[in-house]
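K.L.:
Below are the chains, spelled out letter by letter.
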Amino acid sequence: MGFSDVLNIVQSVLELGLISSLTVLALYLSYTMLNVCDLSTDGCFTLGAAVGAVVAISGHPYLAIPAAMAAGVLSGFVTAFLQTRMGINSLLSGIIVNTGLYSVNIAVMGGASLLNMNKTRTVFTDMKNLLDGSFMTGWHRVVTALVAVVAVVIFITVFMKTRLGLSIRATGDNTEMVRYSSINPVFTTTVGLCVANAFTALSGCLLAQSQKLVDINMGQGIVTVALASLLIGRTLFQRGSVAVKAVGAVVGAVIFRLVYALALRLSMPAHMLKLVSSVIVIFAIFIPYLKQQYPAFMKRFEVKKRRGENA
Amino acid sequence: MLELKNISKTFNPGTVNEKKALCDISLKVEDGDFITIIGSNGAGKSTLFNAVSGAFLPDTGTITIDGEDITVMPDYKRARFIGRLFQDPKTGTAPSMTVEENLLLAAGGGHWLSISKKAEKQALRERVAALGLGLEDRMKTPVGLLSGGQRQAVSLLMATINPPKLLLLDEHTAALDPAAAEKILEVTEKTVADEKLTCLMITHNMSSALQLGNRTVMMSGGKIIFDVRGEERAGLTVDDLLVKFRDAGKALDNDRMLLS
Numbered sequence: 000m001g002f003s004d005v006l007n008i009v010q011s012v013l014e015l016g017l018i019s020s021l022t023v024l025a026l027y028l029s030y031t032m033l034n035v036c037d038l039s040t041d042g043c044f045t046l047g048a049a050v051g052a053v054v055a056i057s058g059h060p061y062l063a064i065p066a067a068m069a070a071g072v073l074s075g076f077v078t079a080f081l082q083t084r085m086g087i088n089s090l091l092s093g094i095i096v097n098t099g100l101y102s103v104n105i106a107v108m109g110g111a112s113l114l115n116m117n118k119t120r121t122v123f124t125d126m127k128n129l130l131d132g133s134f135m136t137g138w139h140r141v142v143t144a145l146v147a148v149v150a151v152v153i154f155i156t157v158f159m160k161t162r163l164g165l166s167i168r169a170t171g172d173n174t175e176m177v178r179y180s181s182i183n184p185v186f187t188t189t190v191g192l193c194v195a196n197a198f199t200a201l202s203g204c205l206l207a208q209s210q211k212l213v214d215i216n217m218g219q220g221i222v223t224v225a226l227a228s229l230l231i232g233r234t235l236f237q238r239g240s241v242a243v244k245a246v247g248a249v250v251g252a253v254i255f256r257l258v259y260a261l262a263l264r265l266s267m268p269a270h271m272l273k274l275v276s277s278v279i280v281i282f283a284i285f286i287p288y289l290k291q292q293y294p295a296f297m298k299r300f301e302v303k304k305r306r307g308e309n310a
Numbered sequence: 000m001l002e003l004k005n006i007s008k009t010f011n012p013g014t015v016n017e018k019k020a021l022c023d024i025s026l027k028v029e030d031g032d033f034i035t036i037i038g039s040n041g042a043g044k045s046t047l048f049n050a051v052s053g054a055f056l057p058d059t060g061t062i063t064i065d066g067e068d069i070t071v072m073p074d075y076k077r078a079r080f081i082g083r084l085f086q087d088p089k090t091g092t093a094p095s096m097t098v099e100e101n102l103l104l105a106a107g108g109g110h111w112l113s114i115s116k117k118a119e120k121q122a123l124r125e126r127v128a129a130l131g132l133g134l135e136d137r138m139k140t141p142v143g144l145l146s147g148g149q150r151q152a153v154s155l156l157m158a159t160i161n162p163p164k165l166l167l168l169d170e171h172t173a174a175l176d177p178a179a180a181e182k183i184l185e186v187t188e189k190t191v192a193d194e195k196l197t198c199l200m201i202t203h204n205m206s207s208a209l210q211l212g213n214r215t216v217m218m219s220g221g222k223i224i225f226d227v228r229g230e231e232r233a234g235l236t237v238d239d240l241l242v243k244f245r246d247a248g249k250a251l252d253n254d255r256m257l258l259s
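If you read the sequences in order, they're chains A and B. Letter by letter, the first sequence follows residues 0 to 310 in numbering that gives the first Met the number 0. Letter by letter, the second sequence follows residues 0 to 259 in numbering that gives the first Met the number 0.
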C-alpha cells in the first residue's frame, strides 16, 4: 500500500465521516438533548439528498442546500406534530414519517429511484475548481464537508446558549419543569426536531452532491450508523460543554468511518457495515447498563449460592 | 385574588373506578393570604392544586385570579403567575442542567434567541446566596448532583424568582430530612414574607398548619369541611384539629355504611 493509497483512505474517511457527522449532530440534538429517538432520520436523509439533487441538477448547487434543509424542517415538523398534537407515540411517529417519506422521495426524484449527477455542477466541483493548483489540490471534498460541519457546530454551540436552546435541553431533561417555567414543551419539541432534521437533510444533500448520485435507499440504516457514532463520541468526551460534546459527535463519526475503512482493508465485505453499526449501538448502550446492573446481579448470585450451601 | 366557584371533578366517570375528587368546592383567597391546607390522604388537596395550576379542566365551576377567568387556560401559561412546589424535589428542576441554567430558564425574560448576560448571571448568584445555603458556589453544578434539600431550595427560588401572584406548596418539605425540612420551611416563610406572596400550603404537620400563615382549611372527601382564620384560629390547638380530623373520618365511614 503506497502513500497515495493511504492518502486516499484518509481523505475518504474524513469526507464521509464529516458528512455523516451532520446527521450525528442532528441526533445529538434530538436523541441526547430532546430525548426523542427520531426514527424518521433515514427517510429525511434521503429527502435532503433528493431535494438537493433535483435543485442542483436544475443548475442551482447553492440553492440546493437551503432547499434540502427546508425540506428537512418540514419533515421534522410533521414528525413533531404527530407526537405532540396527534397523540402518536414518538417512536411510531418517526417510523410513520419514514415510511411516508419513501413515496415522497421517489416523487421528488420524478418517479425514479436513482438520480445521476455526473455532469452536474455541485458545491464540491466548485470547491475543486477553487483549490486545484493550490497546495490543497485533491482536498476539495474534505474542505467542503469541513466548512459545513464547522458552521453547524458553531450554530449548535450558540443556539444552545439561547433561551430557546436551554428550553430544548430542559424539555428532554424534565418536561414538567419546562411547563412550570411557563414554556410550552410542544413548541420546544417542535423547534428541536425541525432544526435536527434540517441537519439530517443537509447531511444527505452533501453526500449526494459528493457522490454525484442519489439512490432511494441511501438513507437506510443511517440512524443506527449515526447513533453508533454519537455513542462513540460520547464515550470519548464524557464531560464538557455543549461545544465539546458537539465536537465529540464529529470525532465519533470520523472514528466510526475509520474503523469501517480499516475493516474493509482487512477484507470485511462492504455489506457488513450496517451489522457492525448495529452491534456498536447495542454495546454502547448495553455496557453502561451492565455496569449499573452488575453489582446487584453478583449480589443475588452470591446470596443464592450461600443459600444453596446451607440447604 | 384567587376565587374558585363550584369546582367539581370526577375521575373515570361511569366506571367502577369512578372517583369524585372534588365536590362543588368554593374558596375565596384574599391578597396576601397564607393558607395551610390539611386533610387525610385522598381528601382532594393535591387535586385542588392541580385544578388551580391547570393540570386538568374541572367538570364544573370557574377559577378566576385577580378577576381574570383562567378556567380553561393551559397550564404552561398559568405558570407565569402561579408558582408550584412538589413533595418530590426532582419535579421542579432539570437534573442534567446546572443550577445556573435552571434558574436562567425560570427567570425567563428576553426573547427566544437572547443569550444571558454576565450581569444576569451575577444577579442570580446573589439570589442564590441570599438563600444562605452556600449554593452560590455551585452554580455550575448539575442540579441532579445536589441533595434533596438543596434541590428543593433551587425549586423554591425558581418558583419565586419572578414573584408569582400565587404560590402553591404541595407538602414540599415532606420528602426531606428533618433538618433540611426545617431549613426549607424557614426559607419559604422568609420568601413569602419578603415578596408578600399569596400562598397555599398543603401539609400533614398539624402544628405547622396552625403556626404558619393566617388561615387553615381542612378538606375531606373532596370538600372543604373547615375553614378558620383570625381569633378562632388563634385559639385552636393541635388536639382540636385532630378531633376535627377524626370527625371527618367518621362522617366518611357513615357515608360508606349508607352506600353499602
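The set of hints was computed from the structure by calculation and includes no laboratory data. Check before you lean on any hint, since a few could be wrong.
Said to hold, decoys possible - No more than 20 Å apart at the CA atoms, straight line, and that leaves these computed lysine to any residue pairs for SDA-like:
#, chain 1, residue 1, chain 2, residue 2
1, B, K89, A, E175
2, B, K195, B, P163
3, A, K160, B, S113
K.L.:
Hint by hint, note whether the structure agrees.
P.N.:
We went through each hint and held it up to the structure:
1. B:K89 / A:E175: holds (10 Å)
2. B:K195 / B:P163: Distance ~10 Å between K195 of chain B and P163 of chain B Cα, so the pair holds.
3. A:K160 / B:S113: holds (8 Å)
Hint compliance for this structure: every hint is met.
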